[in-house]
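**Q** Below, each chain spelled out in residue letters.
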Amino acid sequence: MAKTLILIPLEADGTVGKAARDLLASALAADPGADVGVFGKGAKQAADVVPASASRVLVAGGDGLASPTAANDARACEALVRASGSQLVLAPQHSRTARCLPLVAVRTGGRIDTRVAGISLGAETKVRRWYYRQRMQAAFTREERPWFLLLESGALPAAEASAGFSGAVEEVSWEPCSRTQALGTEAAIAGEQTIRPDADLLLVAGAGWTKKQSDGQTHVPEAEELIRAFLRATGASLGSSKSLVDQKGEGAVISFLTHMNQVGQTGSSPRHPKGLATCCHGEEPHVVGWRFIGERRAINLDPNCGWAQGKADVLYVADAFAVLRRLNELLG
Amino acid sequence: MSNGYHIVVCGSLVPDPLQTLEPVMAPDGPGLKNEAMLPSVLDPWAAHALYEAAHLAKRVPDSKVWLASLGPKPKLQQLMMAVAQKAPFEFVAIDGSASGFADSFETAQALAKAIQSIPGLDRDRMLLFGGCSSASRDAGTTLSMVGALLGVEDQFLAVDEIEPDADGGFRVKERVEGAQYLVSRCAGAPAVLAWATGNLPEPPNNPQIGMANMRGILPALAKAPSVGALRGGLRFESVETPSQRRETRVVKDAGVEEIARELAEWIRG
Ligand SMILES: Cc1cc2nc3c(=O)[nH]c(=O)nc-3n(C[C@H](O)[C@H](O)[C@H](O)COP(=O)(O)OP(=O)(O)OC[C@H]3O[C@@H](n4cnc5c(N)ncnc54)[C@H](O)[C@@H]3O)c2cc1C
Chain A
71 MAKTLILIPL EADGTVGKAA RDLLASALAA DPGADVGVFG KGAKQAADVV PASASRVLVA
131 GGDGLASPTA ANDARACEAL VRASGSQLVL APQHSRTARC LPLVAVRTGG RIDTRVAGIS
191 LGAETKVRRW YYRQRMQAAF TREERPWFLL LESGALPAAE ASAGFSGAVE EVSWEPCSRT
251 QALGTEAAIA GEQTIRPDAD LLLVAGAGWT KKQSDGQTHV PEAEELIRAF LRATGASLGS
311 SKSLVDQKGE GAVISFLTHM NQVGQTGSSP RHPKGLATCC HGEEPHVVGW RFIGERRAIN
371 LDPNCGWAQG KADVLYVADA FAVLRRLNEL LG
Chain B
3 MSNGYHIVVC GSLVPDPLQT LEPVMAPDGP GLKNEAMLPS VLDPWAAHAL YEAAHLAKRV
63 PDSKVWLASL GPKPKLQQLM MAVAQKAPFE FVAIDGSASG FADSFETAQA LAKAIQSIPG
123 LDRDRMLLFG GCSSASRDAG TTLSMVGALL GVEDQFLAVD EIEPDADGGF RVKERVEGAQ
183 YLVSRCAGAP AVLAWATGNL PEPPNNPQIG MANMRGILPA LAKAPSVGAL RGGLRFESVE
243 TPSQRRETRV VKDAGVEEIA RELAEWIRG
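Line order of the protein sequences matches chains A and B.
Take the position in the first sequence, starting the count at 1, then add 70; the result is the number in our numbering.
Take the position in the second sequence, starting the count at 1, then add 2; the result is the number in our numbering.
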């Protein structure tokens, strides 16, 4: 097996995120001899989340890594990769690794593949990933090394490991530069936080909520209230079609939706066990974002909408206003 | 001395997202059934990058926009019929594979080489724009590697906003986990900005801009270098479309009460 480095980014608050911890456990179970590298301000202190079974832990820290910037993160990771001398670098798919590791791949003469859905480690490492926005999946390997792989959660079989690495931690030095300064984070959506990646349920709102209804009128304030009440009652995450978030103008927009809520081709592909689509037609560019949603149900007035074409488990041909009104009462 | 931006947008073609895509395995790797015949569009996130580039160039005097596209020449020509009317740019064409199965590093190398030879491009003033991910490979690595190959290490991924300031620097908002923006300030060009949707709607077609662009597009296509299949050291074993099709139960004549109860049970279950 090629020598492996498991590369772990710290969150802005200096902690290790859940996906990164899961990767640590599962990658060390698959390759117990792998090196572990941690980068971010306070990496040395954070190294105690590394499983006790790890054989070698390298860290890159310092003020230059307090907030993520491509330049400093790439310099720190390059130093870790060179110090480890690994041919295979496994990291969680995360904004911090996605931003900096392509740079490191170029500088170390390696290659990178991202959004890896499955990996088998062995004499020949093989990976699976999606292409064309979740429309097809391919399995491949490659010749070039070092090979950087950004893994989605679940790419390796889950494993348990108790934290508490107590061996010597090797601090790796690197040279910061400061053309970019991170100023901090801010909520991308004003007001109530409607995107909840850990929720069991995704509610998708489509453009139908703002269209003229059977009485010839639009009912946008009522639509807003019904959606809000549903989110409060269920704790669901809120997704949207593109048509709905693209709407601009007076009155006809759901005020708390932004592009961040958009699901589909040019939006997100969230992972929830269940999804309920309302007033959304279920066109292909939207439904590609549903690849990782388990059970799917839809409410639409049109019995021939996209959801009826094998895209949902159940399609209720009904008025979503009426159904949500009653559903909110039942759940409330 | 002038300090406008030299904005190079990297963006290529992808199959129209409304098309059904079927993979096929060939001896040199996977591709799409009838790939040459599939209607294509400008890669959506790269399209947003182009609109943002045009907008920025309008705001910052003495700026200029290039669009660098790597794809099969005949398809690029077709694509430009639509794209040329959207925003003023100078076209840089590279004739090669736009397949999602091409290697992103090989693609990045071909783009970096083409960008290096753009006459009049001042790389100290360069902002390298493109999509944060393609609709074909969906890797989110190409633009970053083009930047790395050109020695640009200030890079931003999944950008929704750039705001130039008076000192030649700019503020950027990048999408990060948990529906948050990471807000940063960069001292100025050169930098890489890989765009998410940004904040601008698709501009209407403007035939005058189209005519002006077309004057440069045909010569650019004529002199496009050929770079081939760009597979690198990738070795594909299989490609498949896992069936997404479900047996949909269509509930047509049920009352609101019945539907609401069934849904409540499902949600609680
Ligand atoms: C390059 C490209 C990228 C794209 N990316 C995306 C993407 O990322 N995400 C995305 O969503 N789309 C995307 N699209 C657009 C996509 O093709 C569709 O146009 C869009 O998803 C339609 O949104 P919708 O279903 O909400 O609206 P519509 O098509 O307008 O459908 C509204 C639906 O509401 C129903 N309705 C109305 N009133 C009620 C009621 N009272 N009760 C129940 N049902 C009702 C109607 O029957 C209708 O089915 C993309 C398109 C292109 C070309």
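To be clear, the hints were calculated from the coordinates, so they are not data collected in a lab.
Careful, some of the hints might be misleading.
Here are the simulated DSBU-like cross-link-like pairs (lysine-lysine), alpha carbons at most 30 angstroms apart as the crow flies [said to hold, decoys possible]:
#, chain 1, residue 1, chain 2, residue 2
1, A, Lys73, A, Lys111
2, B, Lys254, A, Lys281
3, A, Lys196, B, Lys60
4, A, Lys88, A, Lys344
5, B, Lys254, B, Lys35
6, A, Lys196, A, Lys282
7, B, Lys66, B, Lys35
8, A, Lys73, A, Lys114
9, A, Lys282, B, Lys254
10, B, Lys77, B, Lys60
11, A, Lys344, B, Lys77
12, A, Lys196, A, Lys73
**Q** Compare the structure with each hint and give your call.
**A** The hints, checked one at a time:
1. Of the pairs offered as hints, the one joining Lys73 (chain A) and Lys111 (chain A) holds, with about 26 angstroms between alpha carbons and a cut-off of 30 angstroms not exceeded.
2. Note on Lys254 (chain B) and Lys281 (chain A): the hinted pairing holds, with a Cα-Cα distance of about 21 angstroms set against a maximum of 30 angstroms.
3. For the proposed pair Lys196 (chain A) and Lys60 (chain B), the alpha carbon gap of about 47 angstroms is over 30 angstroms, so the pair is violated.
4. Restraint check for Lys88 (chain A) and Lys344 (chain A): the C-alpha separation of about 21 angstroms stays at or below 30 angstroms, so the hint holds.
5. About 37 angstroms separates the Cα atoms of Lys254 (chain B) and Lys35 (chain B), which puts this hinted pair outside 30 angstroms; it is violated.
6. Taking the CA atoms of Lys196 (chain A) and Lys282 (chain A), the gap is near 52 angstroms; set against the 30 angstroms cutoff, the hint is violated.
7. Distance restraint check for Lys66 (chain B) and Lys35 (chain B): the Cα-Cα separation of roughly 38 angstroms exceeds the 30 angstroms cut-off, and the hinted pair is therefore not satisfied.
8. Proximity of Lys73 (chain A) to Lys114 (chain A) is assessed by CA-CA distance (about 23 angstroms); at most 30 angstroms being required, the pair is judged to hold.
9. This hinted pair checks out: Lys282 (chain A) and Lys254 (chain B) have alpha carbons roughly 22 angstroms apart, not beyond 30 angstroms.
10. As the CA atoms of Lys77 (chain B) and Lys60 (chain B) are separated by approximately 29 angstroms, the hinted pair is consistent with the 30 angstroms bound.
11. At roughly 40 angstroms between alpha-carbon atoms, Lys344 (chain A) and Lys77 (chain B) are farther apart than 30 angstroms, so this suggested pair is violated.
12. A hinted pair counts as satisfied when its Cα atoms are at most 30 angstroms apart, and Lys196 (chain A) with Lys73 (chain A) qualifies at roughly 15 angstroms.
Of the hints listed earlier, those the structure fails to meet are numbers 3, 5, 6, 7 and 11, in rising order.
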